[in-house]
Amino acid sequence: MTYLLEARGLTRKFGGVVALDNLDLTVVPNEIIGLIGPNGSGKTTFFNVVTGIYGAHGGSVTFDGADITRASSRAVYHAGVSRTFQRSRLSLPLSIFDNIMIGNHKRLNQGLWFNLVRRGEFKREFEVNYAAARTLIEVFEPRLAERMFEPVAGLPMIDRRRIEICRALISQPKLLLLDEPSAGMTHDETKELMDDILQVRDLNRNLTIVIVEHEMGLIERITDRCVVLNFGRKIAEGPYRQVAVDRQVQEAYLGVE
Amino acid sequence: MPEVKQEPQAPLLPGVVAVALSTAYLIALLAVEKQPLVIGLLAFGIVAVLVAHYMDWLDPVGRSFAEREGVLSAYAVLAACVVAAFFHDNHFVLLLFVTVLLYAVATLGLNIEFGYAGVLNFAGASFFGIGAYTSAVLNTYTAVPHLLVLLIGGTLAALIGSLLLLPVLRTRGHYAALVTIAFALLLKTFLEVNDVLGGPQGMQVKGMSILGWSFNDNFEIGKIEMSFYLNYFVISMLLLCGTFVLVRRLERSWIGLDLDAIRLDETAASCFGLDIARWKITAFVLGNFVIGLAGALFGMVGGFVAPNNYTFADSLIMVSILLLGGIGNPWGVVVATFIVVVLPEKLQTIQEYRFLLYALIVIVVLLFRPEGLLPRPVRRYFPGGRA
Amino acid sequence: MDVGLLSQYIMNGLMLGMMYTLVAVGFTLFFGVLDIIKFSHGDVLTVGAFTGLATYIGLRSVGVSSTPLLLLAVLVVAILAMAALGMLIARYLVLPLRSAPALNTLLITLMLGTVLREMVRLFYPQGANPKPFPALLPTDSINLGQFNLRLDNAIMLAAGVTIIVGLRLLLNRTKLGLAIRAVAQDEETARTMGINFTAIVLITFAIGSALAAIGGVMNGLYYNEINFGMGLLLGVIGFSAAIIGGLGSIYGAILGGFLFAALQTIGAVALPFASAYKDVFAFTVVIALMAWRPTGLIQEKISERV
Numbered sequence: 001m002t003y004l005l006e007a008r009g010l011t012r013k014f015g016g017v018v019a020l021d022n023l024d025l026t027v028v029p030n031e032i033i034g035l036i037g038p039n040g041s042g043k044t045t046f047f048n049v050v051t052g053i054y055g056a057h058g059g060s061v062t063f064d065g066a067d068i069t070r071a072s073s074r075a076v077y078h079a080g081v082s083r084t085f086q087r088s089r090l091s092l093p094l095s096i097f098d099n100i101m102i103g104n105h106k107r108l109n110q111g112l113w114f115n116l117v118r119r120g121e122f123k124r125e126f127e128v129n130y131a132a133a134r135t136l137i138e139v140f141e142p143r144l145a146e147r148m149f150e151p152v153a154g155l156p157m158i159d160r161r162r163i164e165i166c167r168a169l170i171s172q173p174k175l176l177l178l179d180e181p182s183a184g185m186t187h188d189e190t191k192e193l194m195d196d197i198l199q200v201r202d203l204n205r206n207l208t209i210v211i212v213e214h215e216m217g218l219i220e221r222i223t224d225r226c227v228v229l230n231f232g233r234k235i236a237e238g239p240y241r242q243v244a245v246d247r248q249v250q251e252a253y254l255g256v257e
Numbered sequence: 258m259p260e261v262k263q264e265p266q267a268p269l270l271p272g273v274v275a276v277a278l279s280t281a282y283l284i285a286l287l288a289v290e291k292q293p294l295v296i297g298l299l300a301f302g303i304v305a306v307l308v309a310h311y312m313d314w315l316d317p318v319g320r321s322f323a324e325r326e327g328v329l330s331a332y333a334v335l336a337a338c339v340v341a342a343f344f345h346d347n348h349f350v351l352l353l354f355v356t357v358l359l360y361a362v363a364t365l366g367l368n369i370e371f372g373y374a375g376v377l378n379f380a381g382a383s384f385f386g387i388g389a390y391t392s393a394v395l396n397t398y399t400a401v402p403h404l405l406v407l408l409i410g411g412t413l414a415a416l417i418g419s420l421l422l423l424p425v426l427r428t429r430g431h432y433a434a435l436v437t438i439a440f441a442l443l444l445k446t447f448l449e450v451n452d453v454l455g456g457p458q459g460m461q462v463k464g465m466s467i468l469g470w471s472f473n474d475n476f477e478i479g480k481i482e483m484s485f486y487l488n489y490f491v492i493s494m495l496l497l498c499g500t501f502v503l504v505r506r507l508e509r510s511w512i513g514l515d516l517d518a519i520r521l522d523e524t525a526a527s528c529f530g531l532d533i534a535r536w537k538i539t540a541f542v543l544g545n546f547v548i549g550l551a552g553a554l555f556g557m558v559g560g561f562v563a564p565n566n567y568t569f570a571d572s573l574i575m576v577s578i579l580l581l582g583g584i585g586n587p588w589g590v591v592v593a594t595f596i597v598v599v600l601p602e603k604l605q606t607i608q609e610y611r612f613l614l615y616a617l618i619v620i621v622v623l624l625f626r627p628e629g630l631l632p633r634p635v636r637r638y639f640p641g642g643r644a
Numbered sequence: 645m646d647v648g649l650l651s652q653y654i655m656n657g658l659m660l661g662m663m664y665t666l667v668a669v670g671f672t673l674f675f676g677v678l679d680i681i682k683f684s685h686g687d688v689l690t691v692g693a694f695t696g697l698a699t700y701i702g703l704r705s706v707g708v709s710s711t712p713l714l715l716l717a718v719l720v721v722a723i724l725a726m727a728a729l730g731m732l733i734a735r736y737l738v739l740p741l742r743s744a745p746a747l748n749t750l751l752i753t754l755m756l757g758t759v760l761r762e763m764v765r766l767f768y769p770q771g772a773n774p775k776p777f778p779a780l781l782p783t784d785s786i787n788l789g790q791f792n793l794r795l796d797n798a799i800m801l802a803a804g805v806t807i808i809v810g811l812r813l814l815l816n817r818t819k820l821g822l823a824i825r826a827v828a829q830d831e832e833t834a835r836t837m838g839i840n841f842t843a844i845v846l847i848t849f850a851i852g853s854a855l856a857a858i859g860g861v862m863n864g865l866y867y868n869e870i871n872f873g874m875g876l877l878l879g880v881i882g883f884s885a886a887i888i889g890g891l892g893s894i895y896g897a898i899l900g901g902f903l904f905a906a907l908q909t910i911g912a913v914a915l916p917f918a919s920a921y922k923d924v925f926a927f928t929v930v931i932a933l934m935a936w937r938p939t940g941l942i943q944e945k946i947s948e949r950v
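Chains as they are written, first to last, in my numbering: chain A, 1 to 257; chain B, 258 to 644; chain C, 645 to 950.
Among these hints, one or two may not hold up.
[What the hints assert, rightly or not] If the Cβ cut is set under 7 Å, some of the chain A residues that face chain B in the computed set are:
| no. | residue |
| --- | --- |
| 1 | R74 |
| 2 | S91 |
| 3 | L94 |
| 4 | S95 |
| 5 | I102 |
| 6 | G103 |
| 7 | H105 |
| 8 | K106 |
| 9 | L116 |
| 10 | F126 |
| 11 | N129 |
| 12 | V245 |
These are calculated hints, taken from the structure and not from any lab test. By construction, the Cβ of each residue, glycine as well, lies at the ideal position given by its N, Cα and C atoms.
Given the sequences, and given the hints that come with them, work out the whole structure.
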């Protein structure tokens, strides 16, 4: 079986704390994986190591056949991995359109000459991408498509999440890493957001998703498979209904020794 | 392809009226010399702006500038020419005007570094000085054509600035600030102790001359005697227009977006593939080039360079202009440069206190209006038309 | 090189190191409690030195002539005035900007430095010129073979060491010190433990600024001259020293201060012909060190903070 993402023996320490402990985690194309576990179990660290924000202290990560263990964040993005952040990291003074375009970096011509001098060509490229951004955000919230050039700063949390997810999706990545999309939102808002994400996935059958989430209803509804972490180690793996009744998992969540 | 909603275009008139009134006011301010008149005129100006603000007359002006920028820029250039023509034989006013233009160019350069990429540079006056000293040395000892001298001045500022790139790139925020402050102090001390460059007394700079046309001679149009500073006005105006267009296009491109993204959140930017080092280097080198270019021309305009004109305090003046005008807004830079440069020249009592005054003003701005007089609007790639 | 000259260089290096350390410790304290850099710190030192000088002139003009009394008055007034100034700065300029971008704090303290510097230049009588600073310490010297120890230098060094040790004891052995360290460690937790955050910040700024006042007076006593721009140089060097040592660590600040002084002294010994370039050399070292070790020799996160 070919894996889209394959982590083997992945280890990361912070001082004396082992945040990821010899972790094996594999993702096959087109599946949706839930990454769950108590606070501090290493879920976000896993995202940060995969996306090159932190280096690994041991083990390897392979994505789409290429070793990305030591790759920079840039290289990981260019390979086709996009992510959202637990605490929304939009550029607040910038417009909705600008924020989405930040995620579209690899499909925009970054040449100095092109940008400063070839304004006609630039305008054509701008229009193509403007249309793409509108089409994408209309899936989530048509209202926002009419406000593309308003700053993000004044928008409510749910809209910011939508924009953040559009920023991650606009470049048509192969793998999307969602870090607690429900944080700061109500149950209904989260449900709506996930439905929208699934709708986008229906349009783009190549999209694989790893989602870190505490909202178990959500995990149960959308994931094909779950991986449960505790103290940086994998303690269970399988469909949600199976891991939910796992004794080790219950102990991890309840804090039983 | 979905169309951008077509809004009715903002009318041109408020912008034109604003440009016309500003021009008239500027001419009056530059013409009066008696101190009570100057003070009265300044007070009138402040009150007029406040009244306009409270009557909501400034919003239509802002809208017409936002959407009809091309036309209004042309009017603004025309207005500058009218002011220059009005004072065609007045050395003092024209020199002051040229100083404003070149300081605006330099601050636009600083704006690329500081306002867009977020690369701190507290040595703006030093790079300005590098340009000026380049003119002094090359015009004195070589026969390099003077337009080329300007380019060399900019290039040298960019190159010497590159020496700071490693520490500036490896550090963030306050650390980078320290590096550039140290450089500002270093350069001034170096110029003072170095005899080749004239030491504390500085050097004379030969005036500009292009294809035999000497910029330092008065000339006549028809029977009317013109100040030689009109030559410098023309070239400085060209330089300002060029820089303005450069900064505008930069901002309204993917590169402008990259610079903003890096300034606002480096970690997120690198997760979306942005090459942080590349854009910081581009901004720093380009910014210093522009500052050096303006400095090289300013050296020839003033005819004289000395270490005391390029101190850390002068660098802070450039930062003050940027903060006062509104970081990232080139119109803000131009307006604030007029205020900051013209005020102490007209109001002689504050000349001595200008560093103190501007430092205080910036403190007040930071506490109560951190976005500056003319806050930078959200980026529109093609304002006026669609989007 | 003869022993006498060498001893002079060493003494000079130690004195420089002590003054840099006093400034660097201030930077480290401020960074510890608030994670900010206060760029006006060097200029507070200038104001402290001028306050001391003004006190001296004022007391002399009313007939006080006892040197020990004058020295005491100069120190006490300078220290109290700068402590008060430090608290005012923290209260009205630094704390209000807590929620704004860090850049704004940097800019506001940078501009405040200009305000202080310019105020001294413009409003102190003939403030633009260097001012002679009185010799308030005994200037006798003791001959130890070829080594010529000046008593005033020895006293200043001893005083400096006492102050640093005292600060260390204050931070490690008192409840106040515990509170400061708690705030430096984790503001939120410190608050929940009932520590008055604002008060601790103000006290820390008072302590740091008082150290700058001592540094300023010491500078005047050592060089017998002060000028309005002295703090800018000392501030930049003190800040570099704090960074080299690893911001947030007092030992780092001491290490950085003396390391910097050592580099400067070695530079002066090795390149005597270039004495005019001594400040150029100092700033080059600052820039080179930033390029080499942007986060300092002792890494921020490992070193104990404050």
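Each hint tested on the structure:
For R74(A), the shortest C-beta to C-beta distance to chain B is roughly 5 Å, which falls under 7 Å, so the interface hint holds. For S91(A), the interface hint holds, since its Cβ comes within 7 Å of a Cβ in chain B; the closest pair sits about 4 Å apart. Below 7 Å, beta-carbon pairs count as interface contacts, and L94(A) has one with chain B at about 6 Å; its hint therefore holds. For the restraint placing S95(A) at the interface with chain B, the shortest Cβ-Cβ distance is roughly 5 Å, inside the 7 Å limit, so the hint holds.
Because the closest C-beta pair between I102(A) and chain B is about 5 Å apart, less than 7 Å, the hint holds. The beta carbon of G103(A) is positioned within 7 Å of a beta carbon in chain B (closest approach about 5 Å), and the interface hint is therefore held. The beta carbon of H105(A) comes within 4 Å of a beta carbon in chain B, closer than 7 Å, and the hint placing it at the interface holds. With 7 Å as the threshold, the beta carbon of K106(A) comes within range of chain B, its nearest partner Cβ sitting at about 5 Å, so the hint holds.
A least Cβ separation of about 5 Å between L116(A) and chain B falls short of the 7 Å threshold, and the interface hint therefore holds. Hint on F126(A) holds. Least Cβ distance to chain B is approximately 5 Å, under the 7 Å limit. Interface hint at N129(A): violated, since its Cβ lies 9 Å from the closest Cβ of chain B, which is beyond the 7 Å cut-off. Annotation: V245(A) was flagged as interfacial toward chain B, and the flag is violated, the nearest CB pair being 36 Å apart, outside 7 Å.
Going down the numbered hints, you'll see the structure goes against 11, 12, while the others check out.
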